[in-house]
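Based on the sequences and whatever the hints tell you, model everything.
Protein sequences, first through last, are from chains A and B. The working numbering runs 160 ahead of the 1-based position in the first sequence. The working numbering runs 83 ahead of the 1-based position in the second sequence.
Any given hint could be a false lead.
Unchecked claim - Reference excerpt, derived from the structure (chain A facing chain B, CB under 7 Å, subset only):
no.	residue
1	P185
2	G254
3	T293
Unchecked claim - Covered, in the sense of this in silico footprint (three residues per stretch, anywhere, with C-beta under 8 Å from a C-beta of chain A), are these stretches of chain B:
no.	stretch
4	99 to 112
5	118 to 128
Claimed, not checked - Here chain B is said to cover these stretches of chain A; the calculated rule only asks that three of the stretch's residues, wherever they fall, bring their Cβ under 8 Å from a Cβ of chain B:
no.	stretch
6	172 to 183
7	196 to 203
8	283 to 290
Derived from the structure by calculation, the hints contain no laboratory data. Glycine residues also receive a C-beta, built at the ideal position from the N, C-alpha and C atoms.
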Amino acid sequence: MTVVSTTKDEAELTLTMVAEYDASPERLWQLWEDPRELERWWGPPTYPATFTRHDFFVGGESRYHMTGPTGDTARGWWRIDAIDRPCRLDFANGLAGEDGEPVPGMEPMSCHVTFEAAGGRTVMTAVTRFVDTAQMEKMLAMGMEEGMSLAIGQIAALLRSAAT
Amino acid sequence: MVVDELAEHEVDRVFRALADATRRDILRRTLRDGESVSSLAGHFAMSFAAVQKHVAVLERAALVTKERRGREQVVHAHAPTIRRVADVLDAYEQLWIERAHGIASILESEKGDRT
Numbered sequence: 161m162t163v164v165s166t167t168k169d170e171a172e173l174t175l176t177m178v179a180e181y182d183a184s185p186e187r188l189w190q191l192w193e194d195p196r197e198l199e200r201w202w203g204p205p206t207y208p209a210t211f212t213r214h215d216f217f218v219g220g221e222s223r224y225h226m227t228g229p230t231g232d233t234a235r236g237w238w239r240i241d242a243i244d245r246p247c248r249l250d251f252a253n254g255l256a257g258e259d260g261e262p263v264p265g266m267e268p269m270s271c272h273v274t275f276e277a278a279g280g281r282t283v284m285t286a287v288t289r290f291v292d293t294a295q296m297e298k299m300l301a302m303g304m305e306e307g308m309s310l311a312i313g314q315i316a317a318l319l320r321s322a323a324t
Numbered sequence: 084m085v086v087d088e089l090a091e092h093e094v095d096r097v098f099r100a101l102a103d104a105t106r107r108d109i110l111r112r113t114l115r116d117g118e119s120v121s122s123l124a125g126h127f128a129m130s131f132a133a134v135q136k137h138v139a140v141l142e143r144a145a146l147v148t149k150e151r152r153g154r155e156q157v158v159h160a161h162a163p164t165i166r167r168v169a170d171v172l173d174a175y176e177q178l179w180i181e182r183a184h185g186i187a188s189i190l191e192s193e194k195g196d197r198t
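Okay, here's the thing in structure tokens:
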């Protein structure tokens, strides 16, 4: 199994995912750095992502959209806060509006990703931190508008049924 | 699923309630099972009255509810607010698991190319 563990902390509003791969940290880093590689996995299978901008340096921003089965789109953005190649990447990840730009007043999630080499393999840890419950409420409300949470919910249901 | 947004002042209350480490700890302790105020007070180096005040702040933010059980007041994390937090975490958990698998299949396909 690729996914080693996920931990949800409902009080601290964080989600931590730890995955281990049979690849070098450098190879994993490329999957984040190269927008053509990134879009192969950033969106769920039913919502593939297209990155129209990916300025991979501190302070640089990204713009992407994910296209659903009925042609509906969910848009998002990144702003890179820290880079230590190929060990650590910190970025803000927010929802974008119809124009593809950050939604005013909608705070982003912060993502902290680390890559640790371990005997020819690499442990990738991704921590997603939400600002507060108000932000999560807004995300849910917006997700409903975008049909996104529905899509994620369907995927979650599929995964659960596949697991049993 | 209907998402009813919290009114602005309620959001402020939730935010303020969660800004304190003791209150976050109380919330974490009452997520799965309720716990009495007196039992909660045993975890902290502060008076029963002080813990009661923290519980009251959480209660006003609709993050916990209190239930009288005999002589005790049992504190429970309030389901609807916590549920929405859990919904978002669940959704992103699934999304990240999918991403992790997506990365795995890209790396797997490369191995296939090499052999």
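Hints, one by one, checked against the model:
| no. | hint | result |
| --- | --- | --- |
| 1 | P185 | violated, 13 Å |
| 2 | G254 | violated, 13 Å |
| 3 | T293 | holds, 5 Å |
| 4 | 99 to 112 | holds (count 5) |
| 5 | 118 to 128 | violated (count 0) |
| 6 | 172 to 183 | holds (count 8) |
| 7 | 196 to 203 | holds (count 4) |
| 8 | 283 to 290 | holds (count 4) |
In summary, the structure is inconsistent with hints 1, 2, 5 from the numbered list given earlier, while agreeing with the others.
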